[in-house]
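Novice: Letter by letter, the chains look like this.
Protein chains: 2
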Amino acid sequence: MTTLDDCRKLDAQDPLRTLRDHFEIAPGIIYLDGNSLGAMPKGAVDRAVEVVSRQWGDGLITSWNTAGWFDLPQRLGDQIAALIGAGTGEVVVTDTTSVNLYKVMSAALRISAADHPDRRLVVSERSNFPTDLYIAENLCKELGFKLQLVESEQELAQSINCDLAVLMLTHVNYRTGAMYDMAAVTASAQASGALVVWDLAHSAGAVAVHLKAANADFAIGCTYKYLNGGPGSPAFVWVNPRHVDRFWQPLSGWWGHAAPFEFAPGYEPAKGVARYLCGTQPIVSMSLLECGLQIYQASAAFGGMPALRAKSLALTDLFIDLVHQRCAKHNMRVVTPVDHARRGSQVSLEGGDETDRNFSYAVIQALIARGVIGDFRAGDGKRLHDIMRFGFTPLYLGYEDVWNAVEHLRDVLDSGEWKQPQFRQKNAVT
Amino acid sequence: MTTLDDCRKLDAQDPLRTLRDHFEIAPGIIYLDGNSLGAMPKGAVDRAVEVVSRQWGDGLITSWNTAGWFDLPQRLGDQIAALIGAGTGEVVVTDTTSVNLYKVMSAALRISAADHPDRRLVVSERSNFPTDLYIAENLCKELGFKLQLVESEQELAQSINCDLAVLMLTHVNYRTGAMYDMAAVTASAQASGALVVWDLAHSAGAVAVHLKAANADFAIGCTYKYLNGGPGSPAFVWVNPRHVDRFWQPLSGWWGHAAPFEFAPGYEPAKGVARYLCGTQPIVSMSLLECGLQIYQASAAFGGMPALRAKSLALTDLFIDLVHQRCAKHNMRVVTPVDHARRGSQVSLEGGDETDRNFSYAVIQALIARGVIGDFRAGDGKRLHDIMRFGFTPLYLGYEDVWNAVEHLRDVLDSGEWKQPQFRQKNAVT
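Line order of the protein sequences matches chains A and B.
Under this note's numbering, the letters of the first sequence match residues -3 to 426, in that order.
Under this note's numbering, the letters of the second sequence match residues -3 to 426, in that order.
What the hints contain is simulated information worked out from the structure, not anything from laboratory work.
One thing to keep in mind: the hints can contain errors.
In silico lysine to aspartate or glutamate, DMTMM-like type, Cα no more than 25 Å apart, as pairs [said to hold, decoys possible]:
#	chain 1	residue 1	chain 2	residue 2
1	B	K422	A	D54
2	B	K378	A	E264
3	B	K208	B	D74
4	A	K38	B	E46
5	A	K137	B	D111
6	A	K378	B	D74
7	B	K142	A	D159
8	B	K422	A	D159
9	A	K137	B	E133
10	A	K137	B	D114
11	B	K137	A	D111
12	A	K142	A	D159
13	A	K142	B	E264
Sample of chain A residues lacking proximity to chain B, with all beta carbon distances greater than 10 Å (derived) [unchecked claim]:
#	residue
14	G85
15	H112
16	P113
17	Y220
18	H253
19	E258
20	H320
Since the model is a prediction, treat every value here as computed from it, not as a measurement.
From the three backbone atoms N, C-alpha and C, an ideal C-beta is built for every residue, glycine too.
Work out the full structure, taking the sequences as your base and the hints as a guide.
Specialist: Here you go:
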């Protein structure tokens, strides 16, 4: 059986533990929701003041050049590229994940239509993040493709055939934390002649991603989860260099133009991934992302992304073990894969007392009241059950945090605290 | 002849002059580029610290509800609606101007195709802001329309015929400051059976706009110019209620869904303009916009938008008069209409010494070196000449500022200071 002392020893031996000092997290909070909104880097407040007061207030329009605003999408993109196995100059930060998915899916469908006009099938999972499905559903309708949503990996394997144009998957599932073998799935789909688009929302900064080694075609992702960019910080987009100059995305704005300051009336896309830019970006929100990315740079001294991934697995292993050891009588199921190769950086639990429809929701609320912040994702009343999600960010979580989180969970369950009415009332959650 | 004393008297009598106290503008700066990037409201730094430190750092994900992040697009939209003659609940703040134009043009073209399948013409001006033309060019190609760019108002009048599907115009031209009669142009195009899309980038907060009184169909606009939202603050979109539920825009993300927290796999658009939302917004940049909009609310005590418009016209009248009185020998042409009904909130000058190709650029650089910040827009070497742009924001500019700006201009011209080599070297400008 694991003890609190074991956890403290693990923390003492962990060279990554000092990275937590880069974050401002209120005392008493165990933050297990970095997969929804990452915690605030300590540098963010000063950066905000700098950008607002000095760059905007004093520098005014000159800051487009002198403060490097115009280079931000590429500068931040290069920092993200290093975390996802992409090359320098291949990633830009811009717009939202949904808008970027629209861009890359538009390009992927056009490329497929040009190369394989007979292929009209787009495949994704019914359990994919809904906004991805909304974007794909609409684009398929517009461009004459059929969107097929598979329910299982068996169905997915069967769908990879000579009708498949584009396979659109999220690398780590937002509900279950299950992770695909990106290289294997990509190779299989490409062998059939299809293109593969990956959503890295729950991957970038959380698990090892090697886009080029996996030979992926397109990828997009979110910066306000594991990358700690701040609420709604702009998203990123990567396009394999073999595709990037073939087609351009339909959001053809000035920032993606070959000569953005010539004010020519006709559109000519920039070379490379810069053509995936469109309009003027929210500079303050974008600038704050750099604070999050700088902590990844600081992690390089301790082994960088491979060391962070190893710690993430150790943290989720510990959480799963402690839940089994200390909460066994409540019959919760770990729905996240036990296999390291298939696990993201979160653990999701399906609850326990199936006779109580509000169980998972109420347990999360009771934990939040104790300062243990996870989140709840509702099922669909059919195939998908309600789940409790716990995200583990190795940059700011330690082993004792995991111990304490499970102790609170055990207390909430053993005492029946979760049954208190204030925890059972549902509000809008995100 | 107008004197400095006259200008000081006008300032002393101006009830709006106290609004300048809401802005942080460095001493010695006369800021005539608020039509490119508005000045910083004093409250912006504190707001940034509040949003970053308290809402993000302390509140974390709970701030989606407790800090009102989820309501921001509508709350800010309502404040803008009051400035542009739109109704409460009809405007949302989101994404960029270019992306929003893509949304409304997509909807407008689909509505026109449904109602008048024979109409395949989209008309705009060759001198429209280029990014608007890029968006339209590409959408027309995709959806089977022809984009016709007119070169003059005569050509525009001729283009309003039974082939016209959508007329897409910018209300105030970014180069010349010429303003359309929105009601008359809208009525004329609609009488022919067309829809009209207005870009209010240089109108919102600068001139009186009455979208509903003008019976416009769609409008989008920018918040970081006259509305002082900060660099790249998100844009806005308005859709006439008669159209809003007929079609939805193609960027079908979670925030525009009828039930955004139900995580349903199929897309169903929200009722009303909320369906023009898509992905998660940059909350910090968006929150800062409220500081700019609050100054408009403060202006209500002094007459609000009509009083601001009257002052704007008085400032541009004064600038034009003083340029004529004090810089006459340099033969500059005022290209902005003299007619109040046709003038935006800027004055553009074409320069003088036509034998010197760098004249306008160098004069602007010399003025900037003196703290008088206007900007330069290059011509196309053909129809469009180089221009010097001077934007007049009545919230923070006074009559003595205008006097001083023209004095600097006169000095730069009379002394030949603009011919100094450091002012003639071109850098990237925005």
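Novice: State for each hint whether it applies.
Specialist: Here's how the hints hold up against the structure:
1. B:K422 - A:D54: 22 Å, holds
2. B:K378 - A:E264: 20 Å, holds
3. B:K208 - B:D74: OK: B:K208 and B:D74 at ~14 Å, within 25 Å.
4. A:K38 - B:E46: It holds: about 14 Å lies between the C-alpha atoms, which stays within 25 Å.
5. A:K137 - B:D111: 20 Å, holds
6. A:K378 - B:D74: Between A:K378 and B:D74 the Cα gap is close to 39 Å, so the pair fails against 25 Å, i.e. violated.
7. B:K142 - A:D159: Distance ~33 Å between B:K142 and A:D159 Cα, so the pair is violated.
8. B:K422 - A:D159: 54 Å, violated
9. A:K137 - B:E133: 21 Å, holds
10. A:K137 - B:D114: Roughly 22 Å separates the two Cα atoms, so the pair holds.
11. B:K137 - A:D111: 20 Å, holds
12. A:K142 - A:D159: The hint holds at about 10 Å.
13. A:K142 - B:E264: 18 Å, holds
14. G85: 19 Å, holds
15. H112: 20 Å, holds
16. P113: At roughly 17 Å from the nearest Cβ of chain B, A:P113 sits farther out than 10 Å, so the non-interface label holds.
17. Y220: 7 Å, violated
18. H253: 7 Å, violated
19. E258: 7 Å, violated
20. H320: 27 Å, holds
The structure is inconsistent with the numbered hints 6, 7, 8, 17, 18, 19, although it conforms to all the rest.
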